[in-house]
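Going line by line, the protein sequences match chains S and F. Count along the first sequence starting at 1, add 2, and that's the number in my numbering. Count along the second sequence starting at 1, add 5, and that's the number in my numbering.
No lab work stands behind these hints: they were computed from the structure. Don't take each hint at face value.
Stretch by stretch, here's where chain F covers chain S in the computed footprint (C-beta under 8 Å, at least three residues) [what the hints assert, rightly or not]: (1) 28 to 36; (2) 108 to 119; (3) 144 to 155; (4) 199 to 207.
Just so it is clear, CB atoms sit at the ideal spot from N, CA and C, and this is done for glycine as well.
The residues making up each chain are set out below.
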Amino acid sequence: MKKKRWLFFGLFVSIMLLLSGCDSSSLIVLDPKGPQAKTQSSTIIFSILMMAFVLIVVYILYIIMLTKYRASKTSDDYIPPHIEGNKWLEFTWIAIPVIIVAILSVVTVKTTSAVESVPAGYEDQKPLVIYAASSNWKWHFSYPEEGVETVNYVNIPTNRPIEFRLYSYGPITSFWVPQLGGQKYAMSDMVNTLHLLADTPGSFMGRNSNFSGKGYAQMEFEVQSMSAGDFSKWVDDVKKTAPKLTEDKFNALLKTSYVGRESFSSTHLGFNPPPEMDMSEGHHGSGSSDKDSGSETMDHSDMSNMEDMGSMEHGN
Amino acid sequence: MKWDEFFVTGEPMIYAAMVSIVVVSLAILIGLTYFKKWGYLWREWLTTVDHKRIGVMYILSALIMLFRGGVDALLMRTQLAAPEMKFLDAQHYNEIFTTHGVIMILFMAMPFVIGLMNVVVPLQIGARDVAFPRLNAVSFWMFFFGAMLFNISFVIGGSPDAGWTAYFPLASLEFSPTVGNNFYSLALQISGIGTLMTGVNFIVTILKMRAPGMKLMRMPMFTWSVLITNVIILFAFPVLTVALALMMFDRIFGSQFFTMANGGMDMLWANLFWVWGHPEVYIVILPAFGIFSDIISTFSKKNLYGYKSMVASMVVISLLSFIVWAHHFYTMGAGVMVNGFFSITTMAIAVPTGVKIFNWLFTLQKGKISFTTPMLYAMAFIPIFTIGGVTGVMLAMASADYQYHNTMFLVAHFHYVLIPGTVFGVLAGMYFWFPKIFGFRLNEKLGKTAFWLIVVGFNTAFLPLFFLGLSGMTRRMYTYSADTGFGPLNMVATIGAFILAIGFVVLCYNFYWSFRYSPRDENGDPWDARTLEWSTPSPVPVYNFAKVPNVKSMDALWEAKVNGVPLYEEGPYEPIHMPNNSGQPFILGVIMFFLGFFLVFSWFIPAIIAGIAVVVMLALRSFERDHGYHISPEEIAATEQKLRGDSV
Numbered sequence: 003m004k005k006k007r008w009l010f011f012g013l014f015v016s017i018m019l020l021l022s023g024c025d026s027s028s029l030i031v032l033d034p035k036g037p038q039a040k041t042q043s044s045t046i047i048f049s050i051l052m053m054a055f056v057l058i059v060v061y062i063l064y065i066i067m068l069t070k071y072r073a074s075k076t077s078d079d080y081i082p083p084h085i086e087g088n089k090w091l092e093f094t095w096i097a098i099p100v101i102i103v104a105i106l107s108v109v110t111v112k113t114t115s116a117v118e119s120v121p122a123g124y125e126d127q128k129p130l131v132i133y134a135a136s137s138n139w140k141w142h143f144s145y146p147e148e149g150v151e152t153v154n155y156v157n158i159p160t161n162r163p164i165e166f167r168l169y170s171y172g173p174i175t176s177f178w179v180p181q182l183g184g185q186k187y188a189m190s191d192m193v194n195t196l197h198l199l200a201d202t203p204g205s206f207m208g209r210n211s212n213f214s215g216k217g218y219a220q221m222e223f224e225v226q227s228m229s230a231g232d233f234s235k236w237v238d239d240v241k242k243t244a245p246k247l248t249e250d251k252f253n254a255l256l257k258t259s260y261v262g263r264e265s266f267s268s269t270h271l272g273f274n275p276p277p278e279m280d281m282s283e284g285h286h287g288s289g290s291s292d293k294d295s296g297s298e299t300m301d302h303s304d305m306s307n308m309e310d311m312g313s314m315e316h317g318n
Numbered sequence: 006m007k008w009d010e011f012f013v014t015g016e017p018m019i020y021a022a023m024v025s026i027v028v029v030s031l032a033i034l035i036g037l038t039y040f041k042k043w044g045y046l047w048r049e050w051l052t053t054v055d056h057k058r059i060g061v062m063y064i065l066s067a068l069i070m071l072f073r074g075g076v077d078a079l080l081m082r083t084q085l086a087a088p089e090m091k092f093l094d095a096q097h098y099n100e101i102f103t104t105h106g107v108i109m110i111l112f113m114a115m116p117f118v119i120g121l122m123n124v125v126v127p128l129q130i131g132a133r134d135v136a137f138p139r140l141n142a143v144s145f146w147m148f149f150f151g152a153m154l155f156n157i158s159f160v161i162g163g164s165p166d167a168g169w170t171a172y173f174p175l176a177s178l179e180f181s182p183t184v185g186n187n188f189y190s191l192a193l194q195i196s197g198i199g200t201l202m203t204g205v206n207f208i209v210t211i212l213k214m215r216a217p218g219m220k221l222m223r224m225p226m227f228t229w230s231v232l233i234t235n236v237i238i239l240f241a242f243p244v245l246t247v248a249l250a251l252m253m254f255d256r257i258f259g260s261q262f263f264t265m266a267n268g269g270m271d272m273l274w275a276n277l278f279w280v281w282g283h284p285e286v287y288i289v290i291l292p293a294f295g296i297f298s299d300i301i302s303t304f305s306k307k308n309l310y311g312y313k314s315m316v317a318s319m320v321v322i323s324l325l326s327f328i329v330w331a332h333h334f335y336t337m338g339a340g341v342m343v344n345g346f347f348s349i350t351t352m353a354i355a356v357p358t359g360v361k362i363f364n365w366l367f368t369l370q371k372g373k374i375s376f377t378t379p380m381l382y383a384m385a386f387i388p389i390f391t392i393g394g395v396t397g398v399m400l401a402m403a404s405a406d407y408q409y410h411n412t413m414f415l416v417a418h419f420h421y422v423l424i425p426g427t428v429f430g431v432l433a434g435m436y437f438w439f440p441k442i443f444g445f446r447l448n449e450k451l452g453k454t455a456f457w458l459i460v461v462g463f464n465t466a467f468l469p470l471f472f473l474g475l476s477g478m479t480r481r482m483y484t485y486s487a488d489t490g491f492g493p494l495n496m497v498a499t500i501g502a503f504i505l506a507i508g509f510v511v512l513c514y515n516f517y518w519s520f521r522y523s524p525r526d527e528n529g530d531p532w533d534a535r536t537l538e539w540s541t542p543s544p545v546p547v548y549n550f551a552k553v554p555n556v557k558s559m560d561a562l563w564e565a566k567v568n569g570v571p572l573y574e575e576g577p578y579e580p581i582h583m584p585n586n587s588g589q590p591f592i593l594g595v596i597m598f599f600l601g602f603f604l605v606f607s608w609f610i611p612a613i614i615a616g617i618a619v620v621v622m623l624a625l626r627s628f629e630r631d632h633g634y635h636i637s638p639e640e641i642a643a644t645e646q647k648l649r650g651d652s653v
């Protein structure tokens with residue numbers, strides 16, 4: 003049995019070596035590129051440290067008990083005593099976990115509130131709104147203010163809060179860009195809001211993380227963050243070169259299972275508006291939906307006006 | 006419907022499965038006829054109401070389902086071993102992870118746990134059977150035929166492919182048009198009703214059938230865990246029943262509860278599913294806690310440390326288990342208040358669970374620990390399950406969960422809870438109580454070999470998944486590209502899965518070896534154990550206790566052995582009243598199978614006929630007068646003489 007234990011130990015060590023041999027930067031969740039993901043990765047690391055403490059306490063006790071009290075180490079006539087319990091010991095291992103849970107609860111509520119709102123320090127900036135909608139098995143990104151739409155890739159300016167509004171043309175999907183922040187569901191009957199921000203330029207993997215059928219494994223998209231100047235240049239490029247997104251074209255797109263990247267110089271929000279209810283923002287009445295549908299009608303009917311506004315903004 | 010739609014076609018592995026199903030069925034039929042065992046099978050097993058035999062059938066079914074679910078797991082791991090593998094296509098992979106989840110939870114973990122309950126609980130409380138033996142047989146056959154209905158889906162009609170959680174609208178007719186998810190709703194419904202009846206049966210059994218002096222606070226910890234588990238079943242399973250009924254209406258009768266159109270609410274399904282689903286996790290883990298408690302106490306030759314806090318912690322866990330369900334979908338966008346609340350309730354479960362871990366550790370203190378196979382599983386459980394537990398606390402933190410949700414990190418976490426918890430628990434329980442039922446122990450050497458293979462294989466298979474999750478690999482992906490860098494760790498995990506599988510092969514070989522060669526037990530107490538079940542001879546006679554034991558303390562058998570406190574009063578045997586066998590539960594199960602099968606394919610005329618047959622069966626039972634039979638004192642004396650030799 004001794005030999006087997008060493009075998010087990012050796013195997014465990016070799017696994018650990020193998021794991022540490024992996025490039026640590028491949029743990030992309032712990033390699034954040036924006037304030038939201040940074041909050042989350044430091045929360046994760048903090049909880050790992052707390053939990054490592056718990057594990058060490060349990061493992062030390064475990065090793066002591068198993069080495070000291072095995073039958074082979076006691077005499078044949080040893081009779082273990084009858085022990086009911088110990089009030090103080092039992093109190094200790096209730097009280098300490100309660101304290102740990104209390105600390106973690108405070109951290110959780112604080113960080114959850116942080117990642118559910120516009121990143122700290124960027125509140126005074128007007129967020130860039132991007133509607134992200136999933137359909138079997140692709141992602142549509144619409145920029146209502148810029149009046150452009152893309153499929154399976156999304157470009158964003160750095161250091162500007164992005165407000166993703168998520169919904170789905172089918173099964174529940176989950177919009178996830180690990181290096182910018184955690185995920186949120188996109189559903190067919192409501193719009194969810196996800197606040198992200200990239201503080202460095204680069205290309206990040208994004209994907210649907212909620213199983214949605216046959217093409218789920220391929221449901222990836224690329225997020226490219228770039229300087230504000232590059233971003234407005236890209237918008238202008240798309241507006242000049244890309245075709246308009248007509249209703250027919252959009253409906254055909256919805257029916258196609260797999261497509262590559264596409265760009266359009268108008269959005270589908272006008273003729274195929276997102277669901278009205280927006281639970282995450284907390285408005286339920288008709289007020290918000292009036293406002294939303296109002297702005298959408300404007301997007302649609304008054305596109306040229308919007309374009310001017312967009313370019314003015316980028317000119318600043 | 007055409008025949009080529011009825012049978013699943015076009016997949017060589019499935020053709021092979023069909024052929025092997027036909028061959029095995031024929032072999033069983035021919036074997037039974039050749040050895041003239043039909044009558045034996047019917048009289049001794051199919052019609053039995055004996056809790057021990059029903060328990061054995063539950064465990065046997067669970068082992069077969071473990072094989073099926075395990076093969077599913079190996080197929081998945083093979084597909085994921087390297088980038089861009091072409092072993093399975095997306096559809097096939099989706100079906101396999103769905104059936105793996107459903108089978109492992111509902112048709113492996115549940116029946117294994119319920120099987121051990123059946124075998125052990127009446128013996129631990131000094132009862133002669135459960136409170137409603139006939140109902141118990143109905144429970145078993147409902148489970149069994151529900152499981153069979155689910156399993157035929159992969160050759161007839163196609164397996165469900167929307168995950169074991171069957172989230173809508175993916176599981177709706179619009180996105181999942183095959184009959185696969187009809188199988189899901191009906192098979193789970195039939196076996197779920199069986200489980201609900203088990204819940205009622207065992208609550209009554211434990212509350213009303215205890216031997217004189219067996220106060221609640223003198224019950225063995227396994228019985229306590231079973232009592233609490235069945236209370237959870239009683240409150241959680243009706244939610245599943247309702248959810249599955251709504252699902253069936255949506256898919257078969259065109260209602261719109263969860264659909265995308267006409268105001269259906271997809272997240273309502275998710276809520277209902279997890280209001281049942283989270284307590285379900287505790288339904289399979291609490292009995293394992295009970296098993297480990299009894300085993301740790303037995304093999305350290307000490308009473309359980311902190312008995313009262315052990316009971317209290319299970320009660321607290323059972324209450325908390327009902328108010329944590331939303332942690333399965335923090336990412337739904339419910340906001341900081343809701344997610345904060347569910348984060349805190351979820352983390353709170355760590356406190357009573359921690360109490361249990363420390364109590365087990367202090368049971369070992371000053372003990373005399375012997376490392377038998379069941380004890381090895383209990384000792385592997387503590388450190389490995391603690392990893393599962395602390396990662397559970399990490400997942401409970403909503404802000405961090407946005408990064409873990411739906412990733413391999415989550416997959417690693419729940420396997421780190423369910424395998425060392427539930428699977429090690431039921432395996433430990435099986436090794437521990439096996440001699441009670443069959444009269445001999447499983448071979449220790451083979452048992453330990455299997456144990457080490459399983460422990461090493463398990464860690465090799467699941468530890469890498471934590472890191473894959475943090476690298477951005479989501480669950481349920483049937484393939485990934487090489488430039489993701491997921492390849493090497495996935496290969497390690499696959500190797501681990503195959504080591505685990507070899508461990509299970511050794512475990513099965515142990516049955517064969519031990520049946521042939523293991524020495525038979527003499528006194529019914531091979532482990533020098535502490536509780537009432539070990540005071541009966543092995544194998545246990547049909548009436549369990551020749552005389553009803555008289556319990557004066559906790560660990561009554563230990564007190565009898567060490568301090569000479571007598572368990573049984575002097576005096577002659579009295580006649581024992583026993584229930585009669587009945588074929589009705591089996592027949593009812595067969596009818597339910599066909600009712601479910603016809604509904605799956607929307608064949609309504611046959612379904613209505615089967616439905617009427619169910620009502621007829623229930624009516625027959627209501628008008629039946631069956632008062633059971635009595636075993637005479639002479640027969641008891643003869644049986645005891647035979648089983649115990651001259652010592653009584």
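Results of checking the hints against the structure:
no. : hint       : verdict
1   : 28 to 36   : holds (count 5)
2   : 108 to 119 : holds (count 9)
3   : 144 to 155 : violated (count 0)
4   : 199 to 207 : violated (count 1)
The structure fails to meet hints 3, 4 from the earlier list, while all remaining hints are met.
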